[in-house]
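Line by line, the protein sequences are chains U and S.
Mapping the first sequence onto this note's numbering, position 46 (from 1) lands on 46, and the numbers just tick up by one.
Mapping the second sequence onto this note's numbering, position 64 (from 1) lands on 1064, and the numbers just tick up by one.
None of these hints come from the bench; they were simulated from the model.
Bear in mind that the values here come from a model prediction, so they are computed numbers and not experimental data.
One should not assume that every hint holds.
Said to hold, decoys possible - Pulled a few chain U residues facing chain S out of the computed Cβ check, cut under 7 Å:
1. Gly-43
2. Leu-44
3. Phe-104
4. Lys-106
5. Gly-107
Every residue gets a Cβ at the ideal spot worked out from N, C-alpha and C, and that includes glycine.
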Amino acid sequence: AQSVAQPEDQVNVAEGNPLTVKCTYSVSGNPYLFWYVQYPNRGLQFLLKYITGDNLVKGSYGFEAEFNKSQTSFHLKKPSALVSDSALYFCAVRDYGRDDKIIFGKGTRLHILP
Amino acid sequence: SQTIHQWPATLVQPVGSPLSLECTVEGTSNPNLYWYRQAAGRGLQLLFYSVGIGQISSEVPQNLSASRPQDRQFILSSKKLLLSDSGFYLCAWETTSGRNEQFFGPGTRLTVL
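Just chain U, same shape as in the assembly (with noise of 0.2 Å):
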């Protein structure tokens, strides 16, 4: 079965310092990947998906991710963190050829610091 693991519950980096935020994940096929932000009281908005291709994926907000196959992750990066940056990241995973649901992990709190 499918599933997607984000290890820390919280990343705390200073503003302007680079940020990285890990994703790993499982399943039997090909994965489709994704990364969500949420701000407080608001719905997930879409950042950035690989599907095929380039490993580096480039998304929303000056955010990228890089896909690795043989570690089977997706971690979310940024070369300088904003303030604005703080909010609650979730990564996903969808299993091509297979469920076609999507599974999120349990999202990682980015707190950047002023």
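Given the structure of chain U, go ahead and fit chain S onto it with the hints provided.
Just chain S now, with coordinates in the frame of chain U:
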């Protein structure tokens, strides 16, 4: 462009009262529709999904039910609310080709007292 609406935005209901939350999508046809519940600002629990009018799949047996009376309308209901039904309810849609991203509504904050 496509938009998704949910109402009400917030709701406070007594235990044992009924519930009806509505979700509508504009700008697309025949979407797949989803209801999720999020507790305490953390992970999402998939409650129901629908691939067409009148077609509902339940992921978790519980006190809730869902209906899809029209192509772009998805309703979450309960006959008698429990304290444990409190949470943030999110509706989402995706294209029927699937395997792509879902788009979420603004959510409904339900408090059961």
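Hints, verified against the model:
Interface restraint check: U/Gly-43 against chain S, minimum CB-CB distance 4 Å, threshold 7 Å, status holds. Taking 7 Å as the C-beta contact cut-off toward chain S, the hint placing U/Leu-44 at the interface holds, the least distance being around 4 Å. Annotation: U/Phe-104 was flagged as interfacial toward chain S, and the flag holds, the nearest CB pair being 5 Å apart, inside 7 Å. With a cut of 7 Å, the hint placing U/Lys-106 at the interface with chain S holds, because the nearest CB-to-CB distance is about 4 Å.
Hint status for U/Gly-107: holds, given a least beta-carbon distance of 6 Å to chain S, under 7 Å.
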